[in-house]
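*Asks:* Residues per chain are reported as follows:
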Amino acid sequence: MSCALALVLALGGTLTGCGGGEGGGSGGKVTLRFTWWGNPDRAARTEQAVKLFEKRHPDVDISTSFAGFDTYKAKLATQAAGGDAPDVMQLDYRQINQYATSGILLDLGKHPELRTTDIDKGLLATGVVDDKQYALPVARGAETMPYDAALWRKAGVPEPTINWTWDDWTAAMRKLKAAKKVTGGRVGSTDPGQSEDIFEIWLRGRGKTLYTDGGKLGFTADDLTRYWEFCTKLRKEGLVSSAEQTTQMDGSVENTPFGRLKSVSDFNWDAPSSGYEPIVGKGLKLAPLPAGDDGKPALYYKPSMFFGASAKTPHPKQAAQFIDFLLNDPAAGAILGATRGIPANDSIRDKVLPKLEGFDQVVSAYQKQFEGKLNDPPVAPPKGDASLQSTFSRDYDQVSYERLSPREAAENYITEAKAELRQ
Amino acid sequence: MTATATRPQDAAPPGARAKRAPKRERQGAAWVFLSPWVIGATVLTLLPMAVSLYLSFTDYDMFDAPQWVGLRNYTQMFTEDPRYWRSVTTTLTYVVIAVPVQLVLALAVAIALKSVKRGKGFYRSAFYAPSLLGASMSIALVWRAIFNDGGTVDNLLSGVGIDIGGWINKPGWAILSVALLTIWQFGAPMVIFLAGLQQIPAELYEAAAVDGASWWRQFRSITIPMLSPVLFFNLVLQMIQAFQVFTPAFAVSAGKGGPADSTLVYTLYLYDRGFTASHMGYASAMAWALLLAIGVVTAILFRTSRAWVFYANDNNEGAR
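Those sequence lines, one after another, are chains A and B. Just so we're aligned, residue 0 is where the first sequence starts under numbering that gives the first Met the number 0, counting upward by one. Just so we're aligned, residue 0 is where the second sequence starts under numbering that gives the first Met the number 0, counting upward by one.
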């Protein structure tokens, strides 16, 4: 008797807390969880598209959440490992291999609700692992140099061209420094030393790659030392942002030196560069990154992101319908524009995008100038590469705060990279 | 503490037993009442600890099954990872700054509050408030803004001619701003000190005053020895907490432990290894090394306590 009473008293409180909340069907309604990373602009547009989908499918409820890329990556990995991946998720190129081979992603090729006929064939293939379509490319992106063209002109610096080189770029930085009165003492650019993405473009300009076809490192400590010595020279000359400014970068546009109005240009992907516009104003333009010494653009088109569904979702049909809507529906295409990059869907790219205005046009025009001029994109990054981007900027932190020489830091990076890639 | 807690049970009058339910049934009821805690502790604490101990001997990336690697995580940690030792140094620096300063501040405020006649409750709450607010992420983010370049501290110091810039972007200063966030939350030790101060018999001070002892003399010869058990308790507690500092360092450095790893405290590096780099095995090994280190430091503190902690009620028992 007393035992039973005690049990009721003791457990009653805990148990009542557990009812409800389990995703699924209250009143026959299906709930899908959808997560992505991005900036507020992307969030606003995505919410709008989600509302339209819910209006058309009254039986489906989409609950959304988004975060910055670094946070998103860590959170998704934890959820996925715990068997609790969201029903529909936005994925990075670097995640596809790992997630597909670990049984986290649904084979979307098996769901006819999801049409792929209009998706760019080359891009579509980047979402295939072991002959299965685990993820669908959303858009393609390219690296760019967003800059304040108004200040640039006032300082008398010539506009960047499609085949300008790193020497031309350095010369432009010097002119900007000399025009102190116009720029208000801002430096020319963000220090490129902290970014693995920029290093990749710099490498490609010299005919090398981050990774070989076999998934090994495609460069040596000598290459990286040369790059970081180049950046260190720029930094010491006062042409690029100081260590104190560079270290504040956290993936958001607002915390870049350019976003904090401490520099006149920056490096970023083209679609997220829309975030600079409210800060910098209408003078914002996108320039190509410096080309190789042969004058050939070193840039490439990259699948900017993917959508995938969880292998464990109780509603695979609705998940496929939702992804189909985001990728193929013209109304959704008009809402989303180029917020994730230039759409991978050919007909949306050709018919919907030209009608859009504002920054979508800027991104569209930016990518158009490279049509047919770019070298092949590199192979997909090997497994283990995921954390190397942050290793790269962390090691450069040691260089910019002058705790390590470029050579020492480069050797550290190579050691760490080899350990991560298990080579 | 446990010794005093068990005493009343032993001292229960033997006559009372006959009227109660048989011993076995009473034990059953006790277990049932304990069950929420027992289940919670087993499922949420002991089991995960056992799993993490196992994982610390494996290579586990959260996606593929853990691979047994023996002691490799530990040897790598102690012999091949310069960042590991950087994080140890950073944490020790933090502990050595934050704990003593916080305790001194808490004691000073507690002594000041003891003699306050009016509005005691108000001051006590006001000084305790940071401890309630301080644990939140929002305060840590505000801290980041205050100590950034162009933030309040930067502007104030520039105003009086001290040009440091943003503390959080200077390797030497960043850890200080993290420590300050902890020091500012001195409420909990302060309240404990206050309680301890009120326990000291007033006759001692009266007698000392009659003998003409100065304030300082009274403080050294009465307050400190009588308060030493409380001081010891606060020291151990704050030290254990300080070794595990995470939130302020995470928020102030935007999760990176920068600039140049200067705020990369132990648990932040552990988080980085586990959740950013997906080396859960390595992170588990780090967690166990931390547990052992805290155990050792606490044991050392207990050892030294014999020399300086004074228990008024057992002076004739001597050292135990």
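Quick caveat, the hints were computed from the structure, so don't treat them as lab data. Careful: at least some of the hints might be erroneous.
To be verified - Listed below are the simulated EDC-like cross-link pairs for lysine to aspartate or glutamate, each with C-alpha atoms no more than 20 Å apart in a straight line: (1) A/K382 <-> B/D60; (2) A/K301 <-> A/D117; (3) A/K417 <-> B/D153; (4) A/K372 <-> A/D117; (5) A/K417 <-> B/D148; (6) A/K261 <-> B/D60; (7) A/K417 <-> B/D80; (8) A/K261 <-> B/D58; (9) A/K261 <-> B/D80; (10) A/K382 <-> B/D63; (11) A/K417 <-> B/D58; (12) A/K311 <-> B/D63; (13) A/K301 <-> A/D167; (14) A/K382 <-> B/D58; (15) A/K281 <-> A/E356; (16) A/K74 <-> B/D63; (17) A/K74 <-> B/D60; (18) A/K28 <-> A/D58; (19) A/K295 <-> A/D117; (20) A/K54 <-> A/D328.
*Asks:* Keeping to a limit of 20 Å between CA atoms, is the pair of A/K301 and A/D167 held or broken?
*Replies:* Not satisfied, since the Cα-Cα distance of roughly 25 Å exceeds 20 Å.
*Asks:* Has the given pair, A/K295 with A/D117, been kept, meaning a C-alpha gap of at most 20 Å?
*Replies:* violated, 31 Å
*Asks:* Hinted pair, alpha-carbon criterion (20 Å max): A/K417, B/D58. Please report holds or violated.
*Replies:* Since the Cα atoms of A/K417 and B/D58 sit roughly 16 Å apart, the hinted pair holds (cutoff 20 Å).
*Asks:* Does A/D117 sit within 20 Å of A/K301, going by the straight-line distance between their CA atoms?
*Replies:* Answer holds: A/K301 to A/D117 is near 18 Å, not above 20 Å.
*Asks:* Does B/D60 lie within 20 Å of A/K74 when you go C-alpha to C-alpha?
*Replies:* holds, 14 Å
*Asks:* Does B/D58 sit within 20 Å of A/K261, going by the straight-line distance between their CA atoms?
*Replies:* violated, 43 Å
*Asks:* Check whether the Cα positions of A/K261 and B/D60 lie no farther apart than 20 Å.
*Replies:* Given that 20 Å is the threshold and the Cα spacing comes to 39 Å, the pair is violated.
*Asks:* Tell me if the straight-line CA distance from A/K417 to B/D153 falls inside 20 Å.
*Replies:* Distance ~41 Å between A/K417 and B/D153 Cα, so the pair is violated.
*Asks:* Given the proposed pairing of A/K54 with A/D328, does the C-alpha separation stay at or below 20 Å?
*Replies:* Within the cut-off at roughly 14 Å; holds.
*Asks:* Please work out if A/K281 and A/E356 have their alpha carbons no farther apart than 20 Å.
*Replies:* holds, 14 Å
*Asks:* Can the restraint linking A/K28 and A/D58 be considered satisfied, given a maximum Cα separation of 20 Å?
*Replies:* OK: A/K28 and A/D58 at ~5 Å, within 20 Å.
*Asks:* Can you confirm whether the C-alpha distance between A/K311 and B/D63 stays at or below 20 Å?
*Replies:* holds, 17 Å
Checked against the numbered hints given earlier, the structure breaks hints 3, 4, 5, 6, 8, 9, 13, 19 and satisfies all the rest.
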